[in-house]
Amino acid sequence: MKKKRFVYPLALVAVSLLLLLAACTPESRSSSGTPTAATGEEPKVTLDFWTFWGSETRRPIIEKIIDDFNQSQDRIMVKHTYLPFGDIWTKNLASIAAGNPADVIVNDYADVNLRASKNQNTDLSSYLAEDDIESRFYPELWNNVLYEDKAYALPFNTDTRLLYYNKEAFREAGLDPEQPPQTWAELEEYAQKLDKKSENGYEQVGFYPLWGDFGVDSWLINGDGGNGYFDESDQAAINTPGKVATLEWLKSWQDRLGRQTVDAMKADFGSGVSDPFISGKVAMYIQTGTYNTQIEEFGQDLDIGVAPIPEREAGSGHWSSGGGFVVEIPKGAAHPEEAWEFIKYLTDVDAQKYWAMENFDNVANIEAAEDPEANENPVYQASVENLADTKVFQVPLSASGYKDLINPHTDAVFLDKETPEQALEGAEKDVQALMSKNQ
Amino acid sequence: MKTTAQARAPKHARKKLSKLARREELQGYLFILPWLIGLFGITLFPMLFSLYGSFTDYDVTSRMNFIGIDNYARMFADDPLFWKSLYNTLYYVALMVPLTTIGSVLLALMLNEKIAGMRVFRTIYYLPAVLSGVGVYFLWIQLLNPSTGLINTMLGWAGIPGPAWLSDPMWTKPAIIMMKLWSVGGGMLLYLASLQGVPSQLYESAKLDGASAFRRFWHITLPMISPVIFFDVVTSFIGGFQIFQEGYVMTDSGNGGPMGSLLFYNLYMWNQAFGLFNMGYAMAMAWVLFVIVLVLTLINLRMSKRWVYYEGGDD
Amino acid sequence: MGRPALSSTGKRKSGEPIDAYNVPVRKRRMKPREVFLFVLLSVGSLLFLLPLWWMISTSLKSPQEIAQYPPTFIPNEFHFENYMHTWQAAPFTLYAFNTLMLAFFAVVGNVLMNSFIAYGFARIAFRGKRFWFSVLLATMMIPGFVTLIPQYVLFSKLHLVGTYYPLIIPQFLGSAFYIFMLRQFYMGIPKELTEAAKIDGANHLYIWARIVIPLSKPALAAIAVFAFNGAWNDFLGPLLYVNDEVLYTLQIGLQSFRGSVQTQWNYLMAGSVIVLLPVIILFFLFQKYFIEGMNLTAGTKG
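Residue numbers (our numbering), protein chains in the order written: chain W, 1 to 439; chain S, 440 to 754; chain R, 755 to 1056.
Certain hints may be false.
[What the hints assert, rightly or not] Computed cross-link-like contacts, EDC-like style, restricted to lysine to aspartate or glutamate with a CA-CA straight-line distance of at most 16 Å: (1) S:K553 / R:E788; (2) W:K429 / S:D607; (3) R:K1042 / S:E552; (4) W:K437 / S:D517; (5) W:K403 / S:D518; (6) W:K353 / W:E373; (7) W:K353 / W:E337; (8) W:K417 / S:D607; (9) W:K429 / S:D517; (10) W:K266 / S:D607; (11) W:K79 / R:E788.
Honestly, the hints are just simulated from the structure, not real lab data.
Next comes chain W alone, as it looks inside the complex (with noise of 0.2 Å):
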């Protein structure tokens, strides 16, 4: 084969594709919207939406809303880019950084005070100023947002988690499937009575606290009167008397079931495709609100209620952890008062309410929450109700990447290598260490 022969032809493709390629490529986005006309006339414009709500089912939802919202005025333009979750965030950063963000973006909640520490997000109090919309939050969400007692974003949407069981297999062990576990130690009786063991292990597990959508940490919320690790003066709060306890009495279920059995039967759950409480393996789950679309989906033919998460003794509260997405204007977004528009109407009653019946989520506003409509179904509405005791911590930022040190410790715990005490205690330790670092 002649290599001179090739390489004519093959340069005149690649030439002719580069200049094609130089004739379609859209223009180097430079901020989105056209330079203002001296004329006294309002230009349209346009603002960069960034979601990582690219499936099937969200992407028509919010597009939906951003439709409406375009239709609705005719200043302003929304266009909605679909990035991918987790990246988003990557190209977020590069973009503030060069100079050439979105205008508003979907981000976490649990670090807005960190962006806003190092600049990343807009403040928002001079729009507050005149267009006072915190009461409509939840006020423990609007806490959230706050940097230095200012808001540097709008709380969107969040999540609760609660106690869904089996009504089938709790009479089938003779409970009364109206009468959900209230406490902890009905939790424990009620999971020994759901027991059904097998001869090489079990058919169906009652209950294991940490299979669900509740963590250790979750655990050691719900355990301690609703306290996170952190205390209202931003100090280390982990090696508590109430978390101890939690701990252990986390760690007695691993205990009682053997720890090969929870690492074979955890093995055997994925997130998403195979899951124990639909399938019956686990007669009591903890999970969010949005599980219910699962269940609806893949599991029709349950009968299952939703509890509260028991407390640990009558009287202690029902905590329950939760998270959720804020939406912000990027640190140098080119029409920050526009983006305030838009943010306003995303987290105003039209749009979140639309936003909670489509999706089953629970959303920031407390009127488009608590409306009727929605609340139609019954899973939906417990957990409306169960954001009264769902805390939503900020992370203080003298102990940004706390939980790399905490983990280990809890895991620990589980391995056998530490008693709770010393594991939180040693987490304590470790936290405080690399708080006094960062004053």
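Add chains S and R to chain W, keeping to what the hints say.
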């Protein structure tokens, strides 16, 4: 490295380069010009920026103050996760490189034969190397399932009780190494290509001399493909040090696995850079890694003089 | 056992290789060693094929069946329509075209330029070569993502963000990995081959184009395959530099099946299988380059 006879120009005699040598030199630079353009255009600036950044408190968007060697000091003296992640990565590299190199060579040798269906076989063995992404990780999570996964099932046939690969801190890294071994197809490709360059007359004459298959391999094949082995080892090292995604995706906590056993160096660096925005610190970590890899590569380079054979003459 | 000794006048017209074996391989019975090898390879293939089978199997299942445990090896019902659905879920045809274009440039750029540059490092003597080669190696040792942001900012200042240029231009400026690899190959070419040409007055360009390139086809084929894969599977690059969904590539498109809460595995796997096909086809087609030998017999001391 010796220059060719015509252009032997010891440094002190620089001024006396012959015309021929200068012409040669010009051509040399012309040939590497595209790379030099790329280097100065888009590679050098970011690299030097990150070097400078490692001495600052750069957080990408709000500040970049010179803080001297603070980042480095903190890393070595005050950061247990630094050492842990470094250990994890070194462990991985130390096992992965020899195993995958030997595996690739063996595989290439086997696939170099003229047997029926070889084309299909080659494609099959190469396949895993191009499969990337979430699907692969998820598949391996299935394969590594302690009770019903294929790996433990096969071990069970041999009477060995397999461990809880992804939950037991001791076995998480070997699990990842196993996963990598399955992608030896990439290296295999390389060796296949290089095996073609071994002149068959060498084998013929050796056979005529009565050399066994093993001796032919040891004395002909190995030396002839040694430049490529060297390349493979060096790049495997360098690549191995960059491992990070696996630790993130394959475990529950997503942040380094049980007891941080899959917290690879790069993963920790990523968390610092993009999770906590301690970009200056991450840059310092990157340069520390650079130095480590550099030292190891130089060692490799020196050792290569003993076992790498360049047919075209080493220079 | 019939292969003739190699003719020593193996060189035809200058630079044109001949097949190392002058006779066609006749069909004959396999030696026991070969049978053993065949069996070994077949068994191994099963293990290596397992993931692909799993991907295909998942892609044909219904979501309910995917949710079953233990996973069924062969789907109970074959939902071929998953593939149609997947393809239509996002503008994959467009994405495929985009990705193909990027991959094309990657292959052309890398095959041409890296062999060009590597030749300089391998076969030309110049002062500072060792230094520059060390720099080359050094550039490989920096973890990519600390240079991510500065590089992005650089391209942004050049107003190239939002186009494909940041993804294409570097393909023509050499890649340390491939340069290193080819340099190793080139250093294995006997000097005598090139010396002869030099004596005849050839300059390096001629030697590169007419002697070295034909001799290094297997290596170049390997690079073509690697470069194609690299561009085809590149995710972070297009993600960062492309702002308009019209320019998205296949890998980005695939991610849309992953939600923050839940993943649509059947469509994701179907998409992954589709995306994998060109890679497999390319590799299969390029195979002949891996087995066509480099002929180094002319005048060597072998």
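Hint-by-hint comparison with the structure:
1. S:K553 / R:E788: Between K553 of chain S and E788 of chain R the Cα gap is close to 9 Å, so the pair holds against 16 Å.
2. W:K429 / S:D607: Cα-Cα ~25 Å, so violated.
3. R:K1042 / S:E552: Distance ~13 Å between K1042 of chain R and E552 of chain S Cα, so the pair holds.
4. W:K437 / S:D517: Answer holds: K437 of chain W to D517 of chain S is near 9 Å, not above 16 Å.
5. W:K403 / S:D518: 14 Å, holds
6. W:K353 / W:E373: 9 Å, holds
7. W:K353 / W:E337: Violated. K353 of chain W to E337 of chain W sits at ~24 Å, over the 16 Å cutoff.
8. W:K417 / S:D607: Holds - the C-alpha atoms of D607 of chain S and K417 of chain W are around 12 Å apart, at most 16 Å.
9. W:K429 / S:D517: 13 Å, holds
10. W:K266 / S:D607: 13 Å, holds
11. W:K79 / R:E788: 62 Å, violated
The structure fails to meet hints 2, 7, 11 from the earlier list, while all remaining hints are met.
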